[in-house]
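Student: Each chain, letter by letter, is given below.
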Amino acid sequence: MAEMALRIALVGNPNCGKTALFNQLTGARQKVANYAGVTVERKEGHFFTASGHRISLLDLPGTYSLESASQDEKVTLDVLRGQHRGEQAPEMIICVADATNLRLHLRFVLEVQQLGLPMVLALNMVDAAQRRGIHIDVARLSAELGIPVVETVAVRRGGVDALVKLVDQTASKIPAAAAALSGDLHQQVRRIMADCVSIPQLSDAKVDAIDRWVLHPVLGPLILLLVMFMVFQGVYSLGKPVTDLIGDNFDQLNKLVAGLLPDGPLRGLLCDGLISGLGTVLGFLPEILVLFFFILVLEESGYLPRAAFLLDRIMLSVGLTGRSFIPLLSSFACAIPGIIGSRSISNQRDRWTTILVAPLMTCSARLPVYALLIGAFIPAHSIGGILNLQGLVLLGLYLLGIVGAMVVGWVSKRLRPRDAQQPALIMELPAYRVPQIRDLALGLWERGSIFLKKLTGMILALTVLMWFISSFPNPPAGAIGPAIDYSIAGYLGKSLQFLFAPLGFNWQVTLALIPAFAARETAVATLATVYSVANADDVASLGHVLAHQISLASALSLMVWFAFAPQCMSTLAVIRKETGSRRQVVLSFSYMFVVAYACSFLTYHLVKAFA
Amino acid sequence: MRLSELGKQQTASVVGVEKLQADDAIAARLQDIGFVAGETVKVITRAPWGGDPILVQVGTSRFALRREEASRIVLQQGVQHG
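One line per chain: the protein sequences are A and B, in this order. Per the numbering used here, the very first residue in the first sequence carries number 1; after that it's consecutive. Per the numbering used here, the very first residue in the second sequence carries number 1; after that it's consecutive.
Read the hints as simulated data drawn from the structure, not as lab findings. Heads up, a few of these hints could be off.
[Stated by the list, open to error] Dumping the calculated EDC-like pairs for lysine to aspartate or glutamate here, alpha-carbon to alpha-carbon at most 16 Å:
hint	chain 1	residue 1	chain 2	residue 2
1	A	Lys31	A	Glu44
2	A	Lys74	A	Glu91
3	A	Lys165	A	Glu151
4	A	Lys31	A	Glu446
5	A	Lys206	A	Asp127
6	A	Lys577	A	Glu44
7	A	Lys31	A	Glu41
8	B	Lys42	A	Glu44
9	B	Lys42	A	Asp208
10	A	Lys43	A	Glu67
11	B	Lys8	A	Asp208
12	B	Lys42	A	Asp204
Required output: the full structure, derived from the provided sequences and hints.
Tutor: What follows is the structure, encoded as C-alpha cells:
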C-alpha cells in the first residue's frame, strides 16, 4: 500500500497569489466542493515530491485575520485547529505572503504561527518585488520568524521548485513548530519589517498611472461602460453561434432518433424529454463559459474591485454592494452564472439580496418571447426619425427589470434586521496583474463543471416531468385539436385560467406559461402548437395569429409577466444549490410571483381602460 | 480629525480606530488590515457620485472604505508627509 499522504494546508491573505500557487503545485489534480454545512468553497489537490512523497494540499479561503466573524475565517480557523466536522487537522501549513505587500501579510503570518503547527512561509511574487526595488533579507526573516522561508513566483514555470524541494525535505521529518512571537502583532511586524525589508516606494508607479485613468471620476465610469459593452459583445458574438450550433445539432439528433423509433411514449420520452432537456442544459454552456472567461480575466487582472469601487455608492443606495455588480451584469445573459458568481460577495445578507434580484435582469431566454410579442403588437413607428417604437418597448422591458431590482433591493435593505452582520465594503484594490492562461483555464473548468455536475440532473428531471405532463394522457380517438389540449398540461392550463384571467391571459396563453417554467423561450413553441401554426420558426405568421386572438392589453400584460415572473426552474434549482436553503427558493418564487401578478394586472387594466 | 474628512492626496498619521460598540467587527477588521496607531495613511482618490467610498493607501496596500467605515479611524494631521 502507498504511504499515507501528508496533509498540508495553504493559507494566506486575499490577493497573495495563493490560488495561482495552488494551481501551479497541483495542476488539474484538484477537487472542488463545499465544507460540510456551510457554503464555503473547499479546494483540495495533490502532488508528488521528487522523492515520491504524496502531498495532499488543502487551499483554505483567503482571509485577513483568524479572529473576525466571517464564515470564511471561521472555517479557516476551525480547519487549522482540526475542529471542523469531517476535516482532519493539517500536519503542516504553507503560509503564502505577497513580497510586495509584507506589511499587511506578515501580521497574518504571525497570527497563524500562534496556532502552533509546523509551518513554512512562501514569499510569493518576488519578481514583482524585485522590479519595484523592494529588497528582502530572506535569511534574516527566516531567523526572526524561526521558520523556513522560500521565495516563489507562482505564475512562472519552475517558480515554485524551491517550495516543492523544501516540502520534500520536511515530508520525511516534519520539524516541530517554532515558538510564536508574543506581544502586539503590529509591533512585531514593524520591527521585522525594519530589520529585513527595504521599500523604496510605498506605491507602485505603474498601478498609480493606470488607476489615474481607471478610477477617474469621469473617465472611470466611461471605461467601465466600454468594458461592459465589450463583455456583452463577446458573449453574443462568441457564445451565441456555438449555442445555436448545439441547438441545431440536438434538433438533428432528435429527428434522427425520432426516425429510428416507432411512434409512442418511448420516442416521446427520448426525443421530447431527454434529448431536448440535454440540449437545453448544454445550450446554456457556451454563453456561460464565455461570460465566465471575461469575468475571470477581469478578476485576475485586478479590474473587478475597481469596478466595484466605482459603483459601490449607487448599488448601496438600492440595498446592494459594489460587489453585486458583476453577478448582476452576468444575469443579463443568464441568471445562473450570476447566482454562482455571487460567491464573491462576503457579506451573507448582501449575497442573498443579490441572488434575490438577479433573476429580474432581462436574460437572453426572454428575448424570443419579447421579439414575438413586440413584432406582433407594437407598430414599427419611428419616433423623431431616429428612435423606433419597437426598440423603445424592448428598452422599456429591460429598464422594468432594473427598476424592479432596485425596488426589491431597497425593500430588502429596509427589512434588514438590526442585529444582522453589518454590511461593510473594506475592499482591497490589489496591484494589476496579467491573467495567466493556467489560472483562467482551471477557473473556467471549475465553474463549468459546477454548472454541469450540479444542474444537469435536476434540469433533466424537470424537463422530463414537463414532457410527461404535456404528453399524457393521449388525446382521445377522433380528437381534432392539438394533442397538448388533452394532456395534464392542457388540463392545468384550463384549470389555472381562472387565476390568470384577471391578467388578460386566455387558456392558450396560460398553458404556454407551463413549459415556459422549464425554459422561457419554449413559450413561443407552445403557442405555435396550441394555435396550430405549422412551423414554429415562422415567427411572423404566429405573430399574425396572436394579433387576432389576444388584445394589445393582454400582450403588454404578458410581456410584463415575463419581465418579473418566477420562471425558469433552472434558476430556482441553482438558488437552492447555492444558498443551501429551501426558504430562499420559496421566498424568491413567491415575491416574483406576487410582483409579476400585480404588475401584469395593473398593465392589463390600465391599457384596457385607456386604449 | 477622521479619515473620512481627509482630502484627496493628503497624508496623515493614524491615532487609533474607534469602536462603535463593544464587538465592532468593522473596527476589528480595520485594525487587522493595518489601521493602527502611528501608521501613515493617504487618500488616493474618491469615487464619483458623492465621493464615497474613498481609496486609502496604508503601508503598501490600498483599500476602498465607505465613509462610515473611514469615520472610525481617528487621525492626527501634519505629523508626517510623504
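Student: What are the numbers of the hints the structure violates, in ascending order?
Tutor: Those not satisfied are hints 2, 6, 8 and 10.
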